[in-house]
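Novice: Two chains, two frames, a set of hints: combine them into the complex.
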Amino acid sequence: AQSVTQPDIHITVSEGASLELRCNYSYGATPYLFWYVQSPGQGLQLLLKYFSGDTLVQGIKGFEAEFKRSQSSFNLRKPSVHWSDAAEYFCAVGALLAGTASKLTFGTGTRLQVTL
Amino acid sequence: DAGITQSPRHKVTETGTPVTLRCHQTENHRYMYWYRQDPGHGLRLIHYSYGVKDTDKGEVSDGYSVSRSKTEDFLLTLESATSSQTSVYFCAIRRTGAQGGPYEQYFGPGTRLTVT
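These protein sequences, in sequence, are chains Z and U.
Read in order, the letters of the first sequence correspond to residues 1 to 116 in the working numbering.
Read in order, the letters of the second sequence correspond to residues 1001 to 1116 in the working numbering.
For reference, chain U alone in the conformation it holds in the complex (with noise of 0.2 Å):
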């Protein structure tokens, strides 16, 4: 268990509103990623941060943006959302010093978004 929550778990909402997804954490890491999971896709990397106020793009950033304003939280809001961002959203982290090198990834529990 890597200390991670995402809220909310679930939630529909309707084409152009805005949305923000939280993804918490308890144990203080460094980086922490957006994914998104899509059937036949895997997930792909949104946004990730390497510090408070450090983020950077991933492969499939458009329509997305992020804020970590402290350690603890990172924030993924969609700015007015299409069909196209329905997916289920994972929030990671990267716990340095693992076993696995600078690549060993822990993942929170999901948020499925579904956009009407």
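If we strip away everything but chain Z, and leave its shape as in the complex, we get (with noise of 0.2 Å):
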């Protein structure tokens, strides 16, 4: 079965820093991977997705994640994090469930706080 981990659950960085949140994830297939980000009482906005090609994509908001197919990693990167930036972060996986029907497993999430 599909898993996704989040080995940090909270993160401080301050304004200004670089930023990287680690996500490994297990699946026997090519993985489609997701990161979303869920600002403190709002629903959870897709930053940036990879399924295949190069494997360093690009997202909204100057976020870009690198898969690394031998480590079974995501890793999401900011190189100048703002403070706007503080938020929860999830990783995703999709899997598939029956039929055509599909579902996202997701991490536990990673909490960042960003200092002035």
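Because the hints were derived from the structure by calculation, they are not lab data.
Honestly, I wouldn't trust all of these hints.
[Said to hold, decoys possible] Derived contacts from chain U toward chain Z, CB cut-off under 7 Å, selection only:
{"id": "1", "residue": "LEU1043"}
{"id": "2", "residue": "GLY1051"}
{"id": "3", "residue": "TYR1064"}
{"id": "4", "residue": "PRO1102"}
{"id": "5", "residue": "GLN1105"}
{"id": "6", "residue": "PRO1109"}
{"id": "7", "residue": "GLY1110"}
Predicted, not measured: the structure shown is a model, and the values here were computed from it.
Even glycine gets a Cβ: it sits at the ideal position worked out from N, Cα and C.
Specialist: Encoded structure:
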């Protein structure tokens, strides 16, 4: 069965510093991978996705992620964090259900705090 | 914006009472999902629908039922609410034909349910 591990529950960075959020996945086939962001009291917003091709993918808000098959990782990065990036970040892997249905399996999330 | 609304946005109810949450979409998507979000668990799939009157269980379906009598509405019912069902509930749709293949999902704003 597929699974996603986000080893860091909480990360604090200073505004302007670089950021890397870790994500490791387990999936038998070629994975479809996603990062979502959730601001307090809000729904989840899709940041970026990977399904094939270039292993470095660009997303919204200046985020990028790199797929490394050998390490089963899909880490999220940002060169310079802004205070507005404070939120919770979720990594997810797509998996097939019955027929043509599918689902996302999520990690437990990483809460990012940004200090000024 | 995937045109997803959820109602109510907040609800407090007593143990043993029935509760129905509504998800409404405006873009005629075939696939709809209900997830619950709990600290330390990320998002977990409750039920999903792959068409009108076509639904199936997810990984945490006990105590929940769903119905989909028309494309735009997906209802989640707690027949007899328990304190363990206190959670934030998210509805999602899957955009077929999107670059994310069969997995890309977009989420509603969520419903915070408290069972006392």
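Novice: Hints first: check each against the structure and report whether it holds.
Specialist: Going through the hints against the structure:
Among the interface hints, the one on LEU1043 (chain U) holds; its C-beta lies about 5 Å from the nearest C-beta in chain Z, closer than the 7 Å criterion. About 10 Å separates the beta-carbon of GLY1051 (chain U) from the nearest beta-carbon of chain Z, more than 7 Å, and the hint is not met. Restraint check, TYR1064 (chain U) versus chain Z: the minimum CB separation of about 15 Å is more than 7 Å; hint violated. Against a cut-off of 7 Å between C-beta atoms, the interface hint on PRO1102 (chain U) holds, since the closest Cβ of chain Z lies about 5 Å away.
With 7 Å as the threshold, the beta carbon of GLN1105 (chain U) comes within range of chain Z, its nearest partner Cβ sitting at about 6 Å, so the hint holds. Below 7 Å, beta-carbon pairs count as interface contacts, and PRO1109 (chain U) has one with chain Z at about 5 Å; its hint therefore holds. Interface restraint check for GLY1110 (chain U): the shortest CB-CB distance to chain Z comes to about 5 Å, inside 7 Å, so the restraint holds.
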